[in-house]
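Enquirer: Each chain is listed here by its residues.
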Amino acid sequence: MSGILLLVRRSLRQHALSTGITVASVALACGLVMAVFSIKTQTHEAFTGGDIGYDAVLGARGSQLQLVLNTVFHLETSPGNLPWQTYLDLKKDKQVELAIPYMLGDNYRGFRIVGTTEEIFDPFEYQEGKKFAFQPGGRAFDPALAEAVIGSYVAEKTGLTVGAHFNPYHGVDYDEKMKHDEDYVVVGVLEPTNTPSDRVLWIPIEGLFRMGGHTLRGTGKEFKAEAGKAIPDENKEVSAVMIKFRSEFAGMTLDQKINKQGNTATLAWPIGKVMLELFEKIGWIDRVLALVAYLVVLVAAGSILASIYNTMNERRREFAILRALGARKATVFSAIVAEAAAIAVLGSLFGFLVYATILSGAAAVIRAQTGVVLDVFRSGVVEPFGFALPVTVAAPLLMVLIGALAGVVPAIKAYSTDVASNLTPTS
Amino acid sequence: MPVLEIQGLTKSFLSPDGERTTIVDVPGFAMEAGEQIGLAGASGSGKTTFLNLIAGILQADAGTIVVAGHAMTGLDEAGRDAARALAIGYVFQTFNLLQGFTALENVELGMLFGPGADRARATQLLERVGLKDRLHYRPKQLSVGQQQRVAVARALANRPKLVLADEPTGNLDRRHAREALALIRETCREGGAALLLVSHDPEVLAQFETRRDLAEINRASAAQAAPPEARGA
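Those sequence lines, one after another, are chains A and B.
Throughout the first sequence, residue numbering follows the working numbering, covering 1 to 427 in sequence.
Throughout the second sequence, residue numbering follows the working numbering, covering 1001 to 1233 in sequence.
There's no promise every hint is true.
As the list claims (entries may be wrong) - Computed list of lysine-lysine pairs in BS3-like fashion (alpha-carbon distance at most 30 Å, straight line): (1) LYS91(A) - LYS131(A); (2) LYS257(A) - LYS94(A); (3) LYS131(A) - LYS94(A); (4) LYS329(A) - LYS1140(B); (5) LYS157(A) - LYS130(A); (6) LYS1132(B) - LYS413(A).
What the hints assert, rightly or not - Coverage of chain B stretches by chain A, computed from C-beta distances (three or more under 8 Å per stretch; other residues unrestricted): (7) 1050–1058; (8) 1101–1113.
Note that these hints are calculated values from the structure, not bench results.
Just so it is clear, CB atoms sit at the ideal spot from N, CA and C, and this is done for glycine as well.
Looking at chain A on its own, in the form it has when it is part of the complex (with noise of 0.2 Å):
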């Protein structure tokens, strides 16, 4: 065994240029496996709902996607509004634990504001056990001034911190020209979730409601807030409401009752679900990136092979001068199979080293793009042949696996060397 890793660690050397490039190949296509199926592992769980602390969202009629893309995700553009009157209902219904209004259309540098009520940092559960937390010094808005509380992102973002002032601007998207004459003043930075919530700032709903420009329309009609002055529930207005139930029967009922026999509201329920059928019906992207990857293992594993059976002709005379020293065939058949091996495993390890790149890199995007954060050193899952196993543990063992079988063929050939021919000069 000792005399085979010998011989190994002799051709790699002695081949260094063209086993650095196969070492790299195969690091790629190994880090290039981790990392798709790592990214599509942890995005599915982080879109499909995960342990949400909340089962539903209520929306204007439309799609139910839309619907939580725009709530959960601060994605996508609002369906529309509801009357608040649904809101009270719902908040009233004994079958509800938790309803909290969503009123959207205003950002900051391209960061959502959502006015919402103090209820959002207490009890809600961004998810499951988790409350928002309040980096040091901060509070929760006052729900009758002008107060904000920012996600971390937008702080780390924005430069904002506890005390700053801002002036929201107009719609979803980032308009310079479209600029609030309110000023609101930072009260609180949230801890970081790892969650989409990390993209908003939060003030309080009355807030929106009053900002110069918004129309509310509850009553059908067109009313705008006035300074000093109440306003009268009929004529407000919810984007959403965020609905925690306190049984699965009540979401049935909820679903049955506006879904099906209603035609003013959509019931996005469970939001799980719902991000699932996303995820079927762009299902054919993951496969075809799985697939692109299997690729590249398999061009590298021809890489291997083309690497060392490219040394064949000139290691003729070196495969038999080993058996002239005693080396039995088998022992040169495993030489060439555990050089093979050793270029794979090689290649995986640095392949960590591309996965963590790629990952970290992909992280940076989402995490940009939608506030959900990927963890590098949390792998992803394959299932071959019914198995669970994270992908970090078998792509290495396959690529080593394939690695060890691509250098089968030049262990063939060098197995069938004549000894006697390749040693010596005719004499």
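Since chain A is already given, all that's left is putting chain B on it; use the hints.
Expert: Showing chain B alone in chain A's frame:
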């Protein structure tokens, strides 16, 4: 007990015209332990084939070869490999050092498949052949004479009972040839190994007390030159 005993050995090859040509036909040959024989053989006389048969690199058509108790002709290929690794050292005209390995590693290879690598012994052997300060040099960094010394050290690494040397001085100038020959003979004597050296050079053969002519031993050698597929075999 002879260290090498050959009886009724024959080996033939298929020539390009489809006819079988006998290259080796040795009715009998033997060497005692520690004996040194200089075997004269012209080019194409089948001397390399003869040595390869003894080493078990080639399989005989008929006859028996016993090397230090190993019945080479009765063993399968893996068995012959193992016997060669344990009992035989081989010095080639072209040295046959592995270019990717240092002098020390090349010598270690000489024992790797037999008794197992022993760095201390490899170092000692290289010191013995005067390459103490060249242990970590690769073949290309060594002179031709130094490369042959490494090859000698490698041939003795597995403490062989029999050393086969095929024109070991063929690539050396006169002075280096004399030195190399003396070194081979001395080290074999020190290691207690028998030496069967084939050469066409009368000056080399003149150094041996026991000289034989392959044409006398091999009935086929005088008949014809080796066909192409027998070359190097």
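Enquirer: Each hint needs a verdict: does it hold in this structure or not?
Expert: How the hints compare with the structure:
1. Restraint check for LYS91(A) and LYS131(A): satisfied, since their Cα atoms lie roughly 20 Å apart, inside the 30 Å limit.
2. Of the pairs offered as hints, the one joining LYS257(A) and LYS94(A) holds, with about 15 Å between alpha carbons and a cut-off of 30 Å not exceeded.
3. Under the criterion of a C-alpha separation no larger than 30 Å, the hint pairing LYS131(A) with LYS94(A) is consistent with the structure, at around 23 Å.
4. The hinted pair formed by LYS329(A) and LYS1140(B) meets the criterion: a straight-line CA distance of about 27 Å does not exceed 30 Å.
5. For the hint linking LYS157(A) to LYS130(A), the alpha-carbon distance of about 24 Å falls within 30 Å, and the restraint holds.
6. For the hint linking LYS1132(B) to LYS413(A), the alpha-carbon distance of about 37 Å lies beyond 30 Å, and the restraint is violated.
7. Interface restraint, the region 1050–1058 of chain B with chain A: holds (4 residues with C-beta to C-beta distance below 8 Å; minimum three).
8. Taking a C-beta to C-beta cut-off of 8 Å, the region 1101–1113 of chain B contributes 7 residues in contact with chain A, enough for the three needed, and the coverage statement holds.
Checked against the numbered hints given earlier, this structure breaks only hint 6.
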